[in-house]
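Read off the chains here:
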Amino acid sequence: MDKKRAAFFSIFLFLAVNVFALSNAIEGYYGHEDGRVYGAVTVALISTLLATVAFFIWKKAEYKK
Amino acid sequence: MSDDKKQTHHEDDKDMIKLIDNLNRKDDVHLNRRAFLKASFGATVAIGLATTPFGIFTFLRDENGEVKRVEVTDIDDLAIGESRNFNYPTKNEPAILVRTPDDKFVAYNNKCTHLQCPVFYEHKENVLLCPCHKGYFNVDSGQPMAGPPQRELPKILLEIKDGKVYAVGREIRHG
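Respectively, the protein sequence lines represent chains A and B. Okay, so the first sequence: first residue is 1 according to the UniProt record's numbering, each after it adds one. Okay, so the second sequence: first residue is 1 according to the UniProt record's numbering, each after it adds one.
Errors might be hidden in some of the hints.
Straight-line alpha carbon distances no greater than 30 angstroms define the calculated DSBU-like cross-link-like pairs of lysine-lysine that follow [what the hints assert, rightly or not]:
id, chain 1, residue 1, chain 2, residue 2
1, A, Lys-59, B, Lys-38
2, B, Lys-134, B, Lys-111
3, B, Lys-104, B, Lys-134
4, A, Lys-3, A, Lys-60
5, A, Lys-60, A, Lys-4
6, A, Lys-3, B, Lys-38
7, B, Lys-38, A, Lys-65
8, A, Lys-4, A, Lys-59
9, B, Lys-164, B, Lys-111
10, B, Lys-68, B, Lys-164
11, B, Lys-91, B, Lys-161
12, A, Lys-64, B, Lys-38
13, B, Lys-164, B, Lys-124
14, A, Lys-60, B, Lys-38
15, A, Lys-4, A, Lys-65
16, A, Lys-4, B, Lys-38
17, B, Lys-111, B, Lys-124
18, B, Lys-104, B, Lys-68
Every beta carbon over 12 angstroms from chain B, so not counted as near; a handful from chain A, in silico [what the hints assert, rightly or not]:
id, residue
19, Met-1
20, Asp-2
21, Lys-3
22, Lys-59
Think of the hints as simulated: they come from the structure by calculation, not from any bench. Every residue, glycine too, gets a C-beta built ideally from N, C-alpha and C.
Hey, can you work out the whole structure from these sequences and the hints?
Dropping the structure here:
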């Protein structure tokens with residue numbers, strides 16, 4: 001799998017991770033499980049950062065002349 | 001050129017115009033692979049950032065929240081198989097202390113996790129019962145056993161010292 005394709009699909013993977021993290025953050029918040037909330041927020045932020053990197057990799061390859 | 005051929009050419013042109021019309025549609029420009037990926041990326045970032053307020057509010061709650069230590073009752077005032085209502089951690093949050101047949105003290109917030117009805121201790125069956133919709137909770141764990149409730153009752157942590165029972169904390173999710 002080339003770099004562009006990997007970046008393309010990884011964004012959907014990170015999207016799924018973020019959905020999972022958000023649901024955990026909400027459940028943890030209302031269940032007063034502080035550790036679970038902090039864990040979910042950390043995972044979501046890292047995942048978002050990686051998605052941003054993947055997006056720019058894809059963009060660079062996609063619009064290359 | 002014969003009339004038949006002219007007619008055919010004319011019809012071909014019409015078909016080509018149809019194709020061009022199709023290309024000019026807005027949807028074809030805006031709904032494509034690139035736009036789909038950009039929208040997905042936007043959703044990823046939005047959902048990822050949506051978790052941060054929960055982290056911030058949890059942190060602020062920690063800063064404000066002090067573990068309260070409240071005296072509930074004397075051990076001698078509560079016989080085995082009896083229960084007593086009290087409020088913990090605030091006056092608006094009712095709770096129930098039970099001295100089980102095994103001579104253990106357990107306490108839970110006694111709002112049913114289904115529709116917030118008060119929960120009572122049933123001595124004969126040794127269960128916590130919500131009479132509104134017949135929700136049953138295990139008295140030892142606070143977990144739902146039967147009826148509509150799906151979540152456990154918040155557990156109040158107890159400490160027994162000098163013949164008195166103190167409430168010292170709370171776990172909303174447990175077990």
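Hinted pair Lys-60 of chain A and Lys-38 of chain B, Cα distance within 30 angstroms:
13 angstroms, holds
Chain B versus Met-1 of chain A - minimum CB to CB distance exceeding 12 angstroms, so not interface:
16 angstroms, holds
Given the hinted pair Lys-134 of chain B and Lys-111 of chain B, is their alpha-carbon gap at most 30 angstroms?
13 angstroms, holds
Pair hint outcome, Lys-164 of chain B versus Lys-111 of chain B [Cα-Cα no greater than 30 angstroms]
Holds, because 24 angstroms separates the two Cα atoms, which is no more than 30 angstroms.
So if I understand the rule, the pair passes when the alpha-carbon distance is 30 angstroms or less; does Lys-64 of chain A with Lys-38 of chain B pass?
17 angstroms, holds
What's the verdict on Lys-38 of chain B and Lys-65 of chain A, does the C-alpha distance respect the 30 angstroms limit or exceed it?
Given pair Lys-38 of chain B, Lys-65 of chain A holds - Cα atoms ~20 angstroms apart, limit 30 angstroms.
Against the 30 angstroms threshold, does the CA-CA distance of Lys-104 of chain B and Lys-134 of chain B hold or violate the hint?
25 angstroms, holds
Below or equal to 30 angstroms on CA atoms is what counts here, so check Lys-4 of chain A against Lys-65 of chain A.
14 angstroms, holds
Is Lys-3 of chain A close enough to Lys-60 of chain A, meaning Cα to Cα at most 30 angstroms?
Judged against 30 angstroms, a Cα distance of about 11 angstroms means the pair holds.
Need the status of pair Lys-60 of chain A, Lys-4 of chain A: alpha-carbon distance at most 30 angstroms?
Distance of about 9 angstroms is within 30 angstroms: holds.
Say whether it holds or is violated: Asp-2 of chain A keeps its Cβ farther than 12 angstroms from all Cβ of chain B.
15 angstroms, holds
Would the hint linking Lys-68 of chain B and Lys-164 of chain B be met if the CA-CA limit is 30 angstroms?
16 angstroms, holds
Checked against the numbered hints given earlier, the structure breaks only hint 22 and satisfies all the rest.
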